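Visitor: Here is how the chains run, residue by residue.
4 protein chains.
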Amino acid sequence: MIIHHWPVRVYWEDTDAGGIVYHSVYLNFAERARTEFVRDLGLSQHELADGGKGFAFAVSRLEVDYKKSARLDDMLEVVTRLIEVNGASARFDQRITRDGEDLVKLNVRLGFVALDGGRPSRLPQHLRQRLNDRLEER
Amino acid sequence: MIIHHWPVRVYWEDTDAGGIVYHSVYLNFAERARTEFVRDLGLSQHELADGGKGFAFAVSRLEVDYKKSARLDDMLEVVTRLIEVNGASARFDQRITRDGEDLVKLNVRLGFVALDGGRPSRLPQHLRQRLNDRLEER
Amino acid sequence: MIIHHWPVRVYWEDTDAGGIVYHSVYLNFAERARTEFVRDLGLSQHELADGGKGFAFAVSRLEVDYKKSARLDDMLEVVTRLIEVNGASARFDQRITRDGEDLVKLNVRLGFVALDGGRPSRLPQHLRQRLNDRLEER
Amino acid sequence: MIIHHWPVRVYWEDTDAGGIVYHSVYLNFAERARTEFVRDLGLSQHELADGGKGFAFAVSRLEVDYKKSARLDDMLEVVTRLIEVNGASARFDQRITRDGEDLVKLNVRLGFVALDGGRPSRLPQHLRQRLNDRLEER
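Chains V, W, Z and F, in that order, give the protein sequences.
One rule links them: number in the numbering used here = place in the first sequence (from 1) + 1287.
One rule links them: number in the numbering used here = place in the second sequence (from 1) + 1287.
One rule links them: number in the numbering used here = place in the third sequence (from 1) + 1287.
One rule links them: number in the numbering used here = place in the fourth sequence (from 1) + 1287.
I should point out that these hints are in silico values taken from the structure, not numbers from a laboratory.
Computed from a predicted model, the values in this text were never measured in an experiment.
Any given hint might turn out to be false.
Since the list gives no way to pick one copy over another, a pair counts as held whenever it fits inside one copy or between any two copies.
Cut-off 20 Å, straight-line C-alpha distance, at most; resulting in silico cross-link-like pairs (SDA-like, lysine to any residue) [claimed, not checked]:
#, residue 1, residue 2
1, 1355, 1342
2, 1340, 1392
3, 1340, 1361
4, 1354, 1408
5, 1355, 1300
6, 1354, 1384
7, 1392, 1329
8, 1340, 1407
9, 1392, 1378
10, 1355, 1371
11, 1340, 1373
Can you build the whole structure from these sequences, using the hints too?
Guide: Listed below in structure tokens is the structure:
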């Protein structure tokens, strides 16, 4: 299985008045890591988006478990696994960790949508092939 | 059952380059609505927080289903139901709607934590009482 | 002179670990108020944007003075004045206030850009007329 | 003069429906770079904050010139210069660049505040010394 690691530093913008990272910000951290995962497959989301006429991944379902809180200046690592690719969706397991300890666990399902109109689409064959090749390498 | 309604307008800050509301922003909309729900119970989170020495609600688990996308200038409504109160947690069902149609559905479990240290705590009795009174009014 | 007033509540998402509103968030509050100001003139930015093929206001220069801090749960008011309209730009003075006291003062210059390509454009005549009519009403 | 360079990648969260980076997000990019600048001086803001009982830098005045827009996937660099240190404030010039071209220029004045109460304070002597040592190295 491919496991992708991505570092994230916590800045003031990420924290809230409780002194911890605001709960929705972990979704942003996770999305940065998925973007880098996809970039590592040789795919640019900017190219895919094609100035609004192309495609994008869209989150269709999320499950998030918050176990511990991150704080200002923490150096975190997002650990990402692609666990399933179907015709029109993909599923990722992600963990946001600090010193190897899980802080937040996410299960993320992505659909593929046409940006012009937002309709769900099937993954273009070349993209699906590349994702599946990656899974077969496990 | 108490059903709480809260309007939210979509501004540029909420959107992304796909032309739609960025997926983590719906969590912020939902949190605004829970805050207003709690305010309606006569509770100020700022007082509870007590300059960092008090308490706060912390999201411990989230399930989010994304069905349709909101866009710039949309007038949304967050519909919030408090469905369970235990000793140290509460659970909410929330829907983010546009013209009565569900765009995003959330199931949110909150724990109660001491801000000084971030340890989970039990809900103070007076707060639990007030929440339970609300539930009994169903 | 037209003076536009817009209320803004401070939520957890707006605060940082210093217990106050994060400095860039006031720019978002100011933008919401300008959007509502423009909406009051009968203009929808969503229509103007025309799915990415139209136009948008873009901030070209900002001066911001931070005098006092806002905190969680504060009820603020953004006070907006349109002070100048030129062929391709407009200038606003904005104050973010709490109980009538200035917290943050902004001087904002906006340009008008074509979304497809991002080039500066001149204000369409009908829009310029509407803005000037407003100014003349002082 | 010390010149500090810090890379920033543009993600979906940073963009808006105009297809470009939302204007207030550049302030966040600039703050990340100042934080890393200060970290390079051997100062941890988390330690300084001391759980809300210590100190923080607070932006007291900003001037921002927006020249060009950044887009999704862009690799940017924040170039930071500390240009002045007084008893209770410091001033930075920052440029956000892409391929060596300026997109956004910022002039930022920071004050030093006590987190418990938010009052302006003088820079502790050891911190002021460290900053001045850096400036003298020009």
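Visitor: Determine for every hint whether it applies to the structure shown.
Guide: Results of checking the hints against the structure:
In this homomeric assembly, residue 1355 and residue 1342 come within 20 Å of each other (Cα to Cα) only across copies, at 16 Å, whereas the closest approach inside a single copy is 35 Å. Taking the closest pair of Cα atoms, residue 1340 and residue 1392 never come within 20 Å of each other, the shortest separation being 33 Å inside a single copy and 28 Å across copies. Proximity of residue 1340 to residue 1361 under the C-alpha cut-off of 20 Å is restricted to the inter-copy arrangement: shortest distance 19 Å between copies versus 38 Å within a copy. For the identical chains of this complex, residue 1354 and residue 1408 are inter-copy neighbours only, at 14 Å across copies versus 35 Å inside a copy, given an alpha-carbon limit of 20 Å.
For the homomeric pair residue 1355 and residue 1300, the shortest alpha-carbon distances inside one copy (19 Å) and between copies (18 Å) are both at most 20 Å. Only within a single protomer do residue 1354 and residue 1384 lie at most 20 Å apart by alpha-carbon distance; the minimum there is 10 Å, versus 29 Å between protomers. For the homomeric pair residue 1392 and residue 1329, neither the shortest alpha-carbon distance inside one copy (26 Å) nor that between copies (32 Å) is at most 20 Å. Taking identical chains as interchangeable, the C-alpha atoms of residue 1340 and residue 1407 lie at most 20 Å apart only when both belong to the same chain, with a minimum of 14 Å there against 22 Å between chains.
Proximity of residue 1392 and residue 1378 under a CA criterion of 20 Å is satisfied in both settings, with 14 Å inside one chain copy and 19 Å between copies. Proximity of residue 1355 to residue 1371 under the C-alpha cut-off of 20 Å is found in neither arrangement, the shortest distances being 27 Å within a copy and 23 Å between copies. For the identical chains of this complex, residue 1340 and residue 1373 are neighbours neither inside a copy (23 Å) nor across copies (33 Å), given an alpha-carbon limit of 20 Å.
Comparing the model with each numbered hint stated earlier shows that hints 2, 7, 10 and 11 do not hold.
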